[in-house]
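> Using the sequences and the hints given, assemble the complete structure.
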Amino acid sequence: MPETRHITPEPGDVLLLVGTMKGAFVLRADKKRKTWEMGGPYFPGSAVYALAYDNRAGRQRIWAGPQSMHWGALVRSSDDFGQSWTNPEEANVKFPEGTGAALTRIWQIEPGRESEADALYCGVEPAALFVSRDAGETWSLSEGLWNHPQRPRWEPGGGGLCLHTILLDPADANRVRIAVSTGGMYVTEDGGATWRPSNHGVRAQFLPDKYPEFGQCVHKVVQSEVDPSRMFLQNHWGLYRSDDRGENWTDIANGVPSDFGFAMAIHPRDANSAWIVPLESDEFRCTPEGKLRVYRTRDAGGSWEALADGLPQTNAYETVLRDAMAVDALDPAGLYFGTRNGKLFGSADEGTSWTELQDGLPPVVAVKAAVV
Amino acid sequence: MSLTFVISGPLRELAGNRSELRVDGTARSVSDALSLLWEECPAFRDRVVTELNELRPHLNIFVDGESIRYSGGFGTPVRDGAEIVILPALSGG
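In order, the protein sequence lines correspond to chains A and B.
Quick note on numbering: numbering that gives the first Met the number 0 labels position 42 of the first sequence as 41, and the sequence is numbered without any gaps.
Quick note on numbering: numbering that gives the first Met the number 0 labels position 26 of the second sequence as 25, and the sequence is numbered without any gaps.
Treat the hints with caution; some may be incorrect.
Derived DEER-like restraints, expressed as beta-carbon distance ranges [as the list claims (entries may be wrong)]:
#1 B:F73 - A:E224: 47 to 53 Å
#2 A:R58 - B:L86: 35 to 41 Å
#3 A:E288 - B:G15: 55 to 61 Å
#4 B:E65 - A:N173: 54 to 60 Å
#5 A:Q82 - B:G15: 19 to 25 Å
#6 A:F205 - B:G72: 37 to 43 Å
#7 A:D79 - B:S30: 39 to 45 Å
#8 A:T34 - B:E65: 53 to 59 Å
#9 B:T3 - A:V370: 49 to 55 Å
Hint data in this document are derived by calculation from the structure and do not stem from the laboratory.
The model shown is predicted, which means the values in this text are computed figures rather than measured ones.
C-beta: ideal position from N, C-alpha, C; glycine also.
Structure follows, in C-alpha cells:
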C-alpha cells in the first residue's frame, strides 16, 4: 500500500476533500489559497464518492463513505484530518431485512442543519436515503421514500441507480429535497414520512413523454443558503432555475455550448451566481472542442460567461462529474473542481482565473470545500 | 471439530493482525462454519457477506482448495480439520 501523508490544518485554513476512484485526499491552504499541501491517500483502492466536513457543535470531523470492491462500503469518520479513522465493526449503513436490497455504494453524506447537530443524511445506491440522529452511530432507512409506489420504476443511469443529492431546506426543518438518477427529484415536507415527485418543467430527453411526473435524470441540484427559494439544476440535457424552492423549473441554457453536464455550484452569498462545466453530448461526455471551460452566471441564468484563464484550451477532453465541484465560503469565494483524468483545479477569485492544484490523481468523483 | 480460516486484507487488521484463525465447534457446511467465524470475529460478517447473506461478488471462499462457487456455495460440506480460505478475487483496474 502507498505511504500516506497527513496534513495539519490551522483555524481559518481552507480544507479540500477530494474523493477518487482509488481513495481520498485532503488538501489545505491558508485563506490566500495560493499554496496547497496534500494528505492521503486514505482508503487506497476504495472508491470514495461521499465526503463531508462537519464543524457543527465544535467538531472538526471528516466523514467519508469508502467503498471497497471486495469488502463493501461503510461510513467512516476522522477527528484528526485523516490521521485515524473509525472502523465500525458492523456495517453502519445497511438495508433492513425484508427490503431485498444490499448496499452497493455511498453517494452522499450530508451533515444536518445547525439546529440538528447530531443529524446526518446519507444517499446511497440502490437509490435510498438513510438518516442518523446520533452523529452517525446508528442509521435508519427512510421508509417513506423507500416504499414510494413510484420507486420500482426508477432506472439506473450510467453511474448506477443512485440517490446523489440531498438538499436540507435552511428555512424549514421538515423540508428535504433529494435527487435520484434516474428517478428525478422528490420532496418531503413532513420530515421524511411522505414524499412526492417534484419535477415540473424538467425534461426527460430519453422518454417518449418529455415532461413526465418523475423519471428525469437529474444530475445535480444546488440551493442558495441566503435565498432558499433559489435553486439551479444541471440535468441530463437541460439547465434550469427555480425561484420557488424547486416546485417549478425554467430553462436557462442561454449561450452555453451544451446544456449537458454534471457539476454545478452556487455562490455562498449571491443567489444569482452559479457555475457549471458543460459537456459535449451524453455520448462523448467531454468538454466541448477540447477546451476546459467553466461557465458562470451572475444574473440567475440570464447569461453565462466562459471562464478559461489558467485552464487548458488544447486537447483538454475532460469530464467533471456531478459531485466534483465545490465552492468555499470566503470572500471572494473559492471554486474547485476535479476531473476524471485526475486533475484538480482551484480559483481564489470566483472562477475568473484558475490554477492547477494537482495532476495525476485517480479519477476524481467528489470535491468538497470547507473553512476550518 | 476444528477448522482453520486463512484470512487476508483488512480482515487481518480486524483479527489482531493474525493471518489464520482456528475455530472449534460443530459445522456441517460452510454456512455453519461461517457462523462460528462470526462468533469469533463479529466484524468479519458484513465485510464478507451482504445484507442478503450472499457472498460479496468480488470475494471467494475456498474449502480445502476448492472454490465454494463450484461445490455447493454455503451448503458445501466441511470436514474436521478443514482449511477455509477467504480471498479477494482478481478484479479491479
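> Are the hints correct? Go through all of them and say.
How the hints compare with the structure:
no.	hint	result
1	B:F73 - A:E224: 47 to 53 Å	50 Å, holds
2	A:R58 - B:L86: 35 to 41 Å	38 Å, holds
3	A:E288 - B:G15: 55 to 61 Å	57 Å, holds
4	B:E65 - A:N173: 54 to 60 Å	56 Å, holds
5	A:Q82 - B:G15: 19 to 25 Å	21 Å, holds
6	A:F205 - B:G72: 37 to 43 Å	38 Å, holds
7	A:D79 - B:S30: 39 to 45 Å	40 Å, holds
8	A:T34 - B:E65: 53 to 59 Å	56 Å, holds
9	B:T3 - A:V370: 49 to 55 Å	52 Å, holds
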